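Novice: Same order as they appear, the protein sequences are chains U and B. Be aware that the first sequence starts at 1, since it is given in the working numbering, and climbs by one per residue. Be aware that the second sequence starts at 1001, since it is given in the working numbering, and climbs by one per residue.
Please keep in mind that the hints were generated in silico from the structure rather than gathered at the bench. Everything numeric in this text was worked out from a predicted model, so none of it was measured. Hints are not guaranteed to be accurate.
Below 25 Å or equal to it, Euclidean Cα-Cα: the simulated DSS-like pairs (lysine-lysine) are [unchecked claim]:
{"hint": "1", "chain 1": "U", "residue 1": "K102", "chain 2": "B", "residue 2": "K1461"}
{"hint": "2", "chain 1": "B", "residue 1": "K1476", "chain 2": "U", "residue 2": "K102"}
{"hint": "3", "chain 1": "B", "residue 1": "K1271", "chain 2": "B", "residue 2": "K1149"}
{"hint": "4", "chain 1": "B", "residue 1": "K1461", "chain 2": "B", "residue 2": "K1353"}
{"hint": "5", "chain 1": "B", "residue 1": "K1271", "chain 2": "B", "residue 2": "K1461"}
{"hint": "6", "chain 1": "B", "residue 1": "K1058", "chain 2": "B", "residue 2": "K1045"}
{"hint": "7", "chain 1": "B", "residue 1": "K1461", "chain 2": "U", "residue 2": "K141"}
{"hint": "8", "chain 1": "B", "residue 1": "K1362", "chain 2": "B", "residue 2": "K1423"}
{"hint": "9", "chain 1": "B", "residue 1": "K1476", "chain 2": "U", "residue 2": "K141"}
{"hint": "10", "chain 1": "B", "residue 1": "K1476", "chain 2": "B", "residue 2": "K1461"}
{"hint": "11", "chain 1": "B", "residue 1": "K1476", "chain 2": "B", "residue 2": "K1271"}
{"hint": "12", "chain 1": "U", "residue 1": "K102", "chain 2": "U", "residue 2": "K114"}
DEER-style ranges, computed between Cβ atoms [to be verified]:
{"hint": "13", "chain 1": "U", "residue 1": "R194", "chain 2": "B", "residue 2": "E1425", "range": "50 to 58 Å"}
{"hint": "14", "chain 1": "B", "residue 1": "A1428", "chain 2": "U", "residue 2": "D121", "range": "38 to 46 Å"}
{"hint": "15", "chain 1": "B", "residue 1": "Y1081", "chain 2": "U", "residue 2": "S61", "range": "48 to 56 Å"}
Short, incomplete list of chain B residues facing chain U, as computed with Cβ under 10 Å [stated by the list, open to error]:
{"hint": "16", "residue": "W1076"}
{"hint": "17", "residue": "H1442"}
{"hint": "18", "residue": "R1444"}
{"hint": "19", "residue": "L1446"}
{"hint": "20", "residue": "I1455"}
{"hint": "21", "residue": "N1457"}
{"hint": "22", "residue": "K1461"}
For each residue, glycine too, the CB sits at the ideal point set by N, CA and C.
Chain residues, written in single-letter form:
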Amino acid sequence: MPLLEIEDLHIGIEDTEILRGVDLNADGGEVHAIMGPNGSGKSTLAKVLAGREEYEVTQGSVHYDGEDLLEMEAEERAQEGVFMAFQYPVELPGVSQQNFLKESVNAVREAQGKEELGAADFIKMVREKSDLVDLDEALTKRSVNEGFSGGEKKRNEIFHLAMLEPRLAILDETDSGLDIDALRIVADGVNQLRDSDRAFVIITHYQRLLNYIEPDYVHAMVDGQIAKTGDKSLAVELEERGYEWLSGDGVAESKASEGNASENGAATEPEEAAVA
Amino acid sequence: MSTAETEYLQAKADQEYEHGWTTDIESDTVEPGLDEETVRLISAKKDEPEWLLEWRLKAYRYFDRLTDERDFYPDWAHLDYDEPDFQNMSYYSAPKEKAQYDSMDEVPQELLDTFERLGIPLEEQKALTGVAVDAVMDSVSVATTFQEKLEEAGVLFMSFGEAVQEHPDLVRENMGSVVPYTDNLYAALNSAVFSDGSFVYVPEGVTCPMELSTYFRINEQGTGQFERTLIVAEEGSYVSYMEGCTAPMRKENQLHAAVVEIIAEEDAEVKYSTIQNWYPGNPETGEGGVFNLVTKRGICKGDRAKISWTQLETGSAVTQKYPSVILKGDDSVGEFYSVAFTKGHQQADTGTKMTHIGENTKSTIISKGISAGVAENSYRGLVKINEGAENARNFSQCDSLLIGEECGAHTFPYIEVGNPSAKVEHEATTSKVGEDQMFYCHQRGLGEEEALKLIVNGFCKEILAELPMEFAVEAKELLAIELEGSVG
Ligand SMILES: Nc1ncnc2c1ncn2[C@@H]1O[C@H](COP(=O)(O)OP(=O)(O)OP(=O)(O)O)[C@@H](O)[C@H]1O
Ligand SMILES: [Mg+2]
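This is chain B alone, in the form it adopts within the complex (with noise of 0.2 Å):
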């Protein structure tokens, strides 16, 4: 790009952090440090039976051994950053005044401004878009919603500890079923010092009647935040569910470790969405960004299950994650459509994993990296397909897009093929913003941050129409405002 157009960006990428702000509400928040202790304060504060505690602690003793051995810390990714100190955080933090709020009325006005400030303003979802909203503040949620119209559904749908108190079985029988806490480190972290997060359980042949959304939000000084989010769609059911999260300035990296598993039975179908925009750190030094280091897996258990796993992802000063799909019954399908949006200082290594055991199995990834300043964005995916896996089929496809000369795009894609009569097709392509197209944006009148816009928009065209109505029109407002902060 010429000079004047990289001066322009550059002043450009010195604006702050649109959402960059603390509320002061006074936390409940545990010291820092990890060990079993810690493990069981939790588990108390949370009032949870005794084969959760149980699991927990298995789950923190294998993390203990995990962390006692050399080399343990997973750093196959292309992702350059100190690894967290894991004795060094908090693992608790819930809002002090009440933990739990039985309506709207009783949840502070605090909060309500918080979430009016994100641009989330609850009582008018509530009426204009129909849209369940589970609110999460930091760890506990504080305000559920539309609860009497999915009861009448029989979708039951509420914070993960709720959902221990209440659906002990449902709970017990599901989590750690897709994503065991052995599976990866930040697994067995999650799994014993989860705090909450959300539950969806959906009955037989029940389309929800709405799209569910959780907003989720970081806002505890140096306090990890790990959500377990469990999905149960029983055969023929359908839900579509919004994950779309922002937080606040911050000075020291946080760490985010999700875990997120999805269960889709016969003929159930399960869209899982996701906006994550949270603080990506300063711009000029990376300094201050979340980690965001998330498992998410799904199950096509049964035959012609369905599951899509949809983002966008444009904040975290690093982010890993991979939403997978495991399509074990025949005919079942899993999609990914990710847009991945990188500048300044940060760093993603996203893509996902299909692994074909069902017969006429069909898997399609559409992955979109964009990438600005000096940022590194990869695309890390694996088709497995596995022996018995008759006529399996996947599309892959990969496209980078660069704004400017510094920044970097990545593709691993890895295709293990264990049955001869699979069709794997995989095309990646890059392309940078030209001088050509900025300059007939130009000649049409338009500005830079209007061509910019215009450009990525028509990149990412295809995986903003994957997300719920209410979610696209965000998506597109955030990564226009994304764009005003990009370098080139």
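Next up, chain U with everything else stripped away, as it sits in the complex (with noise of 0.2 Å):
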């Protein structure tokens, strides 16, 4: 049984559909990308697994573990190790970043009946993590994402990630706003996070980053669909082509056309994907 296993998705909002039938199975040591036109969908994917409240399930079923992830509140998924890197990053003023984690750490320690971290382990934990995206030790003393500057956030949350070290870690668009380096940095610390217990659902708009952090499976999602899933050359195809060619008939299209191209490996067969 896969650690994530998706089924037939379908999510709304105020009458309008967003997911529409999404199907995506994810297993420990195993990289996903996804990647797909703005609005199509990728980030509601995102919370809809994080737990976020406002979006309503009206069709298909998640399951994390072999457990039913929908019926977790956001803070048990947490718990029980599913991460998730916000787009966002929110900011929390006054907040201490070390009060922050050292609250978040142990609330996932004790869920996973741990004790607690003491003050000295924390710390060394800190410094370790925060090495490991070389993360200025200031912005760890710092409140929690306040007065950071975009990149400084994204390489936040993958030092939050470090810390919590989940089992799901789906990072949303991370790479966006990374300058060349922090982009290189980024992507070492993911892969010194690869773990073959570990599943990464990595949302992305280009395919530079998975030149650093190499992909299993590539997912295209169009129109609140996985269009089409294939491996990490479908990213280089996807940058050149865009994904036009991917939606509406042309979904049918490709297909017809492809067979079953993804059969080794896919985790989402095509054909369950591409009902329009």
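Mind docking these for me? Both chains are given alone in their own frames, and the hints should help you get the complex.
Specialist: Next comes the structure, spelled out in structure tokens:
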């Protein structure tokens, strides 16, 4: 049984359907990339997985480690090892990162039956993990995201990821807004965090990131559906051709022409994904 | 906020007030009602000198004249409550057993237990914190500690009543000099019927060797409580004074109308910190909470004097207070740091008044208002730069944080500038604890309460940092407890 199992997921908000039947399986050790045009539903999928309540599940299911993920509160999911790096990290004025992360790390540890991390161990961990993403130590002492630059916020999300050691890590456009050096550093950090027990779902617009973090699967999301799944070469193709060819009739076309091209290892069969 | 959150917080709001209970110490209570006889009776009970009785009577007559006028009741604040019936209150109450104690051994166990339950173990405080505690239960002081050490330094710290007996000249010279009884209705009432309070005198050049702390409690059904505090800091002296309070559950509204006066001479510094956690009333109806209507004012009499007020107001049904500073000396400094937290049906209208008279005077105002439930929270502040106040500076920052959809935050800044060299800055923000913030916290594994605690503590950080160490810990704890019952 895969760690994450999304089946025919339909998500709506105020009468509009945003996700229109998404299927995706991700297992420990795998890296899945999701690419797709603006507004196609990538962040919605990420937020629904993380437990944002404003979205309505109208059909389908999500299982995480065999359990019904959609039944769990957001904090419960986090405690059970679901992490999302936000596309737009939120500022918490006056809340020191140290306090925040200490509570956070210990909430996760408590849920997993581990003992609370003491002050000294915590500080050590902060140092270690901030090194991993080359995060300025000063930032670990400031208020959460308050006044951080765009790139610092993104890097900070990966720092949180490293601190919380989740089993399922969803990165929503963490590469957007990073300079080239930062991109490499963050990618290095992620690569070091790759682990046979940990699955990554990486949402990105740029194939460049995938040069650094090599994905096992690339999914193209168009109009609330996974229109095509492939290996890393799909990312290159998408960058060249755009998404137009995958939308509307294009989906059927590609489905017909490519047959079972994604057969080897594709988490989602194109046949399922292409329900128009 | 989402429905699930609202429901959750609603349920939490039904929690009863942490400190809601009464002790059963017999009280010596005067019959309800107010006339000259009441004033004479109070004065006689306290064995006061003639001059003080006369002063009380003058205040009473002023009060009496005021209440004869139509629309005498000051109702300009953004507060909505029934004005108290002054003839239906009792104006004096003292623990019966004994009015004064020479040592801790004489304090009845019941009283000690009371403090214990409030989390203020006197013994432990003595040992651990080095804080001298002049504990005021209802209106009469029952315990005083660390007197010797203070005596050594020459600092006088005692109940107001004692000071009247032992240092009548000091009291007579200073009381009413900052807050005259003609100041407002409640100042007049307090001056007429005040029961007790604290007196602090720090002689020239002396740095008070410890934080001075007084715990007030209201413990008598239907008894208005009228404390008076007078702090005199002579030239070049320093003192930090902490006032903290909590009150038991109540059925009828209780009036608390204190007067605090501070006098800082040249180069003197007085830091006055308050935690106010009185019974806020029934969370659903607002019934039964304390009315906290206080006049607090300090004067920087000499050059380079400094007075700072720091307050954490979480309790009472109605809070109205504007701790103020008159900046008379040149280069003198006034500060006001405040957190006012209202939830349920609580209402607060609080702020400060900075009056710049001397040259190069400087004032700083940082006010943080937090509202939840259907509470109303207002900041009201006046910055007044007099004509002669060359180069006066003021910086004001008023931030409001809203938890939920039904509460209100209001800011009423008044600025009067009489000297063109003045620099006055005012900043105000209102923010809501956003769904995005809550979700972000949840996504990092934090539940409702933990998330709110972090966000609110973060919001108040600057103010909490101004509190003395011992107080800051208590303050955080109090905020956490308060948040457990807040409504989204
Ligand atoms: N809370 C919401 N209320 C209304 N519409 C929403 C909401 N959240 C998402 N949508 C809509 O759903 C669609 C998908 O949005 P989403 O943020 O998931 O896109 P995305 O694929 O992440 O886009 P981008 O690449 O620009 O980040 C958009 O049309 C968006 O406007
Ligand atoms: Mg997005």
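Novice: Which numbered hints are broken by the structure, listed smallest first?
Specialist: Result: hint 16 breaks, nothing else.
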